[in-house]
Amino acid sequence: MDIREMARPLDGASVSAFLRSLPAQPLLLGLGEARHFVGELGEVRNEIFRHLVEHEGYRSFAIESDCLMGLVVDDHITTGTGTLDDVMERGISHGFGASPANRELVRWMRAYNEEHDEKLRFHGFDGPLEYWAASPRQALTGLHGLLDGPLPYSMETLDTLLGPDDRWADEATVMDPSRSIGRSPDAQRLRLITDDLVALLDTQAPRLRARDGERAALYGRTATGLLRYHHWMADTSPARMARLSALRDAMMAANLRAVAEQGPALVFGHNLHLQRNKSFVPFGDQQLEWWSAGAITATHLGDRYAFLASAFGTVSDHAPAPDTVEGLLSSLPWDHSVIDARRLSEAITRPAPRISHDRAYFPLDPARLDAIDGIVFLKKAARLEAWPD
Numbered sequence: 233m234d235i236r237e238m239a240r241p242l243d244g245a246s247v248s249a250f251l252r253s254l255p256a257q258p259l260l261l262g263l264g265e266a267r268h269f270v271g272e273l274g275e276v277r278n279e280i281f282r283h284l285v286e287h288e289g290y291r292s293f294a295i296e297s298d299c300l301m302g303l304v305v306d307d308h309i310t311t312g313t314g315t316l317d318d319v320m321e322r323g324i325s326h327g328f329g330a331s332p333a334n335r336e337l338v339r340w341m342r343a344y345n346e347e348h349d350e351k352l353r354f355h356g357f358d359g360p361l362e363y364w365a366a367s368p369r370q371a372l373t374g375l376h377g378l379l380d381g382p383l384p385y386s387m388e389t390l391d392t393l394l395g396p397d398d399r400w401a402d403e404a405t406v407m408d409p410s411r412s413i414g415r416s417p418d419a420q421r422l423r424l425i426t427d428d429l430v431a432l433l434d435t436q437a438p439r440l441r442a443r444d445g446e447r448a449a450l451y452g453r454t455a456t457g458l459l460r461y462h463h464w465m466a467d468t469s470p471a472r473m474a475r476l477s478a479l480r481d482a483m484m485a486a487n488l489r490a491v492a493e494q495g496p497a498l499v500f501g502h503n504l505h506l507q508r509n510k511s512f513v514p515f516g517d518q519q520l521e522w523w524s525a526g527a528i529t530a531t532h533l534g535d536r537y538a539f540l541a542s543a544f545g546t547v548s549d550h551a552p553a554p555d556t557v558e559g560l561l562s563s564l565p566w567d568h569s570v571i572d573a574r575r576l577s578e579a580i581t582r583p584a585p586r587i588s589h590d591r592a593y594f595p596l597d598p599a600r601l602d603a604i605d606g607i608v609f610l611k612k613a614a615r616l617e618a619w620p621d
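Residue numbers (our numbering): 233 to 621.
Note that these hints are calculated values from the structure, not bench results. The C-beta atom is built at its ideal place from N, Cα and C for all residues, glycine as well. One or more of the hints may lead you astray.
Each pair of labels, with its calculated beta carbon distance range [stated by the list, open to error]:
{"#": "1", "residue 1": "A592", "residue 2": "D555", "range": "20 to 28 Å"}
{"#": "2", "residue 1": "T389", "residue 2": "S469", "range": "28 to 36 Å"}
{"#": "3", "residue 1": "T373", "residue 2": "Q420", "range": "12 to 20 Å"}
{"#": "4", "residue 1": "E286", "residue 2": "S410", "range": "51 to 59 Å"}
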C-alpha cells in the first residue's frame, strides 16, 4: 500500500480532518515532541493551535512546564499583567521560556484575548520539579491564603516547618537520597497539614469564585504531589528513580485532567509523557519504566484523549535508514505531514528500529504505532535550539 494514502500535507484542513477521523472529539489533543528544543516543531505547533482556536473551538493550551510558574503566563494573557520579557523568564520552566516559538505563542494568545470576550487560557502541566523538586512553600502558602479562617494552622507554623527553600531544592538529591529532607519530622508533619488543608478546601469550595477555586485546587494537588515526591527522594531502594518518574507523570496527569475540565485544549510535551503506553528510558545501568501521563489520562478520559506523536526524518544531519518508520515517512513528498498512525501500523511490515545519533531524539517505536492516533512528521528538523545551561 502506498503510504501517501494515509498521509496528508500538514495544514489546517488536515488537522480538522484528523479530528473528524477520531471516534470522539477530544477534550485533550496531545502533540508530542520527539526531541525538545526543535524550533521548527514549535512553529508548526503554533500554526496548529491557531487553527484549533479559530476553527475548532479550542480555548486552552498546556505545555510541559511548571504548573505554578504557568500562572504568571495565564495572568498575562488574560489580564495583561507583566511585560512579555518578564513573563517568558518567570512563567515557563525547563529553559522553554527562551524558545522564540513559545514567545510568539504567548504574544499571540495575549493579542487574541485583547480582541475577544471569550479568553484563551495557558497552563503548565508539569510539577515544579525535574528529577529534583522545588520547595512546597508556594503551593502550601497559596492554598492557605485562599482558605477562610479561623484555620487550624497559622502561616507562621508553615514557615517554620518549611524552613529555607534551598534545603528542599537541592539538586544533589538526584543522586544522593541521604541529602533529601523528604522523610524528616518537619516534612512528615507538613504532609499531614496539607491533607487537612485540602480537606478544608473541599468544605469551602462553594464560597470560592471559579478562578480562586481552580487555583486553590492546583495549589492543593501540587503541595500534595511535591511532598510525596520529596518523601520518595529519600528512598534508597533500586526502584527509586522509576518511582520518581512515575510520580512526576502522575502529577502531570492530575493537572491534565483539570485542564480537560475547561477543554478542548492542545497539550504540548514530550512523546514519552504524552504517549498512551509505558515509557522506557535508560538510566545508568537501569532501564526505567513507568506509566506515562498520557496513559494515565487516557484511562480517565478514554476516547476524549487523543495523541499526535511527532517524528523527524533528518536530525542533526543524520538521515534515517530507509527501512525504519522515519525512513519510510521521509519518502512523502511534503516537508510537513500528518499521518494516520493506526493505518500505517497495519500497512507496514517489520520496520527496523531507528538508532538515534542525537542523544536527545527518541525515535518512533515500530512495535507501538497502534498506541498512537496520528503522527506529525517533519522531513528535516532544520532548526535545533541549544539545550539550556
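Consistency of the hints with the structure:
no.: 1; hint: A592 x D555: 20 to 28 Å; verdict: holds (23 Å)
no.: 2; hint: T389 x S469: 28 to 36 Å; verdict: holds (32 Å)
no.: 3; hint: T373 x Q420: 12 to 20 Å; verdict: holds (19 Å)
no.: 4; hint: E286 x S410: 51 to 59 Å; verdict: holds (53 Å)
Violated hints: none; the structure is consistent with every hint.
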